[in-house]
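Novice: Listed below, chain by chain, are the residues.
There are 2 protein chains.
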Amino acid sequence: MAEPPKETPIPTDPALTPAAGEGEASQSKKGAKKAEAKAKKEAEKARKAAEREAQAQASGSGGATEDLAKENYGEITHTTSIPAPQIHLRELGEEHVGKTVKVRAWIQNARMQGAKMAFVELREEGNWTVQGVVSASAEGKPVSRQMVKWIGGLKLESFVVVEASVQKPLEPVKSTKVSGFELHLVKCYLVAPAPETLGLGLGAASRAVGSLAEEETKEEAGVEGLSINEGTPVASLATHLNNPAMHKRAPVSQAIADIRIAVEDLFCEYLRAHRFKKFHPPSLIGAASEGGANVFRLPYFEKEAFLAQSPQFYKQFEIAGGRKRVYCVGPVFRAENSNTPRHMTEFIGLDLEMEIEEHYHEVMHMLEAVLLHIFKGLSTQYREEIELVRSVYPSEEFLLPKDGKEVRLTFAEGQALLRSEGPPEFEDVKDDEDMSTPQEKALGALVRKKYNTDFYVLDKFPVAARPFYAMPDPANPEVTNAYDFMMRGQEILSGGQRLHLPHELEAMIRRKGLDPNQPGIKEYVDVFRSVGVPPHGGGGIGLDRVVAWYLNLPSVHLVCDYPRTPKRLSP
Amino acid sequence: MAEPPKETPIPTDPALTPAAGEGEASQSKKGAKKAEAKAKKEAEKARKAAEREAQAQASGSGGATEDLAKENYGEITHTTSIPAPQIHLRELGEEHVGKTVKVRAWIQNARMQGAKMAFVELREEGNWTVQGVVSASAEGKPVSRQMVKWIGGLKLESFVVVEASVQKPLEPVKSTKVSGFELHLVKCYLVAPAPETLGLGLGAASRAVGSLAEEETKEEAGVEGLSINEGTPVASLATHLNNPAMHKRAPVSQAIADIRIAVEDLFCEYLRAHRFKKFHPPSLIGAASEGGANVFRLPYFEKEAFLAQSPQFYKQFEIAGGRKRVYCVGPVFRAENSNTPRHMTEFIGLDLEMEIEEHYHEVMHMLEAVLLHIFKGLSTQYREEIELVRSVYPSEEFLLPKDGKEVRLTFAEGQALLRSEGPPEFEDVKDDEDMSTPQEKALGALVRKKYNTDFYVLDKFPVAARPFYAMPDPANPEVTNAYDFMMRGQEILSGGQRLHLPHELEAMIRRKGLDPNQPGIKEYVDVFRSVGVPPHGGGGIGLDRVVAWYLNLPSVHLVCDYPRTPKRLSP
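Sequences listed follow chains A and B, in order. Under full-length UniProt numbering, the first residue of the first sequence is numbered 1, with each subsequent residue one higher. Under full-length UniProt numbering, the first residue of the second sequence is numbered 1, with each subsequent residue one higher.
Bound-form chain A, shown alone (with noise of 0.2 Å):
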């Protein structure tokens, strides 16, 4: 059986996604009193059609009073039994045709077709999606009217569990991920209800977020919520981040969770391969590493502790332990008051450090193959989730350089290129000083034309622009062994060699105006005093960046599953 056509495919079928105030709350005050008025209505509408219903039964208009299937639907009790045997609905296959089967799954969508019949759209596990109907009109079939009445009425994003028989449908449901199959419901179960409105429907948590130049000037004003952008309903990042069950639920956003998780996975796949040890730094620490800005601190017992910034220096007592080469994946902490969409206070870092034996560039050469393996597992294995993101957020493919033909720019190349080639306000900048942002775009956008690549390295910071551990290039000590790579002219991962040598290391900390001696700083500097520690250098990859920067999002907050500012903790 066959749902008539539908027009609109699922984002924009006004059934699903309800204009703001409708099936979904709209989060300003006023809206959500609107909201509330609404809803009101609209129960006071259902619990009088109910009535009418009643009577009609009682007058013997409308079919028999005793409901047959009663024991077919309504709420799950532990003693509730479906036997038939459970399948997924990525499994569903011709083999399942005319069979009974258990399925476990989120209406989607639900509505009446005429008094007998109603349609629901089952969704299980991201985005699989299958049309269910329910008929009381085949005879013989344990289905009553008020069964069906009962199941076109399921609130949205409410838990099923249904018994069912597959069926071939006349013609391939457009509206629904399966499409060469359809459930004829025999038994619904009620698992978990949704509530009457939502505070985010699916339609809107499948859209893009808002313009986030629009909301930061609605935060500063104090308004929040859904936006009417081009007649489409549009929600916030903050409506987003304050729905997360539906945020989630919105295929989007899985896929771009399924992505993030790849980025770990390979780069954890690629270094293993490469006999990386992984550890775990603590995100508890002593004393304030770099001088104490931007860092987090609270009390610990009868002392003081503080989060740790990066694993910097955790990286580097395993080398000092004798490993060769470490990585380590998890949480850094920065206490900096920056509400941009490049930054968080607590974000995941991938980081990794090694040995060098001859040249620090062995650490750049094995930091840009582990990025291009990322790169390519994305672009090979998966495409699906790509394309989808792309679907809401759309980007040009991310440029990589030809095998073989890695772009490498010094810094003091960069600066030479912005100066001649860049706009008119860079023409003065300077080869000892740190690139802000906005050069860094510059300079993305002219490698760019000229290489055609989203992915480049500048190497041979300044001195000035790196901390104290940095090893200074011995054939120029005013820069260093040191690099960030960038990914569509925005930083996504710095590092470089560290000084090894205690002497050297005092020497630096000096020079930076900071004492070998102060605390954070000793601890450090001992362990260098204490071995023979060998020559070693390493990076520190923003794995959310790297995800927002590859599929182009306006938003590392939109990568990130719980993001963290200074204006957000929860949820």
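Because the hints were derived from the structure by calculation, they are not lab data. Among the clues, some could well be false.
Identical chains blur together in the list; that is why a pair holds if it fits in one copy or across any two.
Derived lysine-lysine pairs resembling DSSO-like cross-links, with alpha carbons at most 27 Å apart [said to hold, decoys possible]:
no., residue 1, residue 2
1, K278, K376
2, K99, K402
3, K116, K102
4, K430, K441
5, K155, K522
6, K277, K376
7, K324, K102
8, K278, K449
9, K324, K99
Dock chain B against the given chain A, drawing on the hints supplied.
Specialist: Here is chain B on its own, set in the frame of chain A:
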């Protein structure tokens, strides 16, 4: 060329593991002074010997005054070049015999044999060691007496790069892991020197830590450091942890670290294969979730933040967000002033959560299966590491139940066993009160005797012993669908089914004396109010406990890379 066979293997070789105060500085203040005095004396002795030698050479009795090999040794510079191909000790094979190779390694031992020959032990990557020989006697070789002496005097744990010819010794070298080859050094450069005295020598670092009971007594008395136990120098746990580079260089430490990573990797591997998706819960949260006990608090811009005590709520949010099965690996924090070998203030949790289809035992069986996968993976793939650990920390093989014969007791059955067959002090234990650690251990011993397993499940904990989110057993509401997993009589996992209906959750929160609208709890319940959430359950495993109890180590602090306790925040 073979060194005369040594009578003692490495860890007890007196040349390698000098008595306290010689090669190792003792950590007690008294010991430190003694060591300093001794070091001064020896430096003076060496200076005098060098003077004598110089005089002898000047008088023509000892050889040429000019050092013909001075380019072949000394401190490395950035222009030093050794073109020979580099090899790693683990790769050394017959094909290298007679070839000249480059090796980068630590000096594990160095000593003169007469005036013209020196022996070194070179160590690379964990416990790969090889014997190196350098001799000024052979004519035509670029080796001078001065060079031999310089090599023979290298400080232990310095890092060097050598050029050497690979030779087969006359008989196998017993003192090194590589016994079938030795290296005849022709060049040797110091890359990173070690200090005159080590804070912890490799010998003591490679032995078991001093008795923890003894250490606690000392700690109370304010004494720390090496203790002489049955004639062998033994370093305390504190000494180990205060000397991270040397502690970690010990083969036993590296084996424990390797086993720890293996547990994590096996956990992730099994879950990925069973369609679990990884995610990252936040560490910074906006409210103390379970009443505020034992939680770290910190200033967060204008607000207050808390460090997550578990990923519990976030795992459930993922299920609410449409994931069927999730897992995470990351730090959790407990502000508990517990100074025991089982506790840390920060530890890595291995957590999972999954939808329940029919019965919560699906989750329990999944957790059993992942742990059995880990145990089997360890016993087959990490046999060598386990034996190495056992050579230092003896233990009996970890007993597993036979396939399909997993041991599962209810809490009530466990208490009954304790009452009937346990020690007299447990003859009155109650079914509705939580177990103490001594009870757990006594029960573990009884289960081992009765069922021949060190791994079993205790199911159906009383409501009083579980948090508010635990699902009561519908057939007996005084107990929960919640369990602990035990290893060698100690808990390593807590888990169970969670309440998924908001009204049931609110009722239980009230029954526990909490307010469903208090900060931290409201945001949690709101998620279950916002959408329908299917039944689900999970569990959390303490990574360090699994490793410690599997290997029967005296403390989790020997497992964690950088343990954090109320008294320890560094390194």
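Novice: Output the indices of the hints that this structure fails to meet, ascending.
Specialist: The structure conflicts with hints 2, 8, although it agrees with all the remaining ones.
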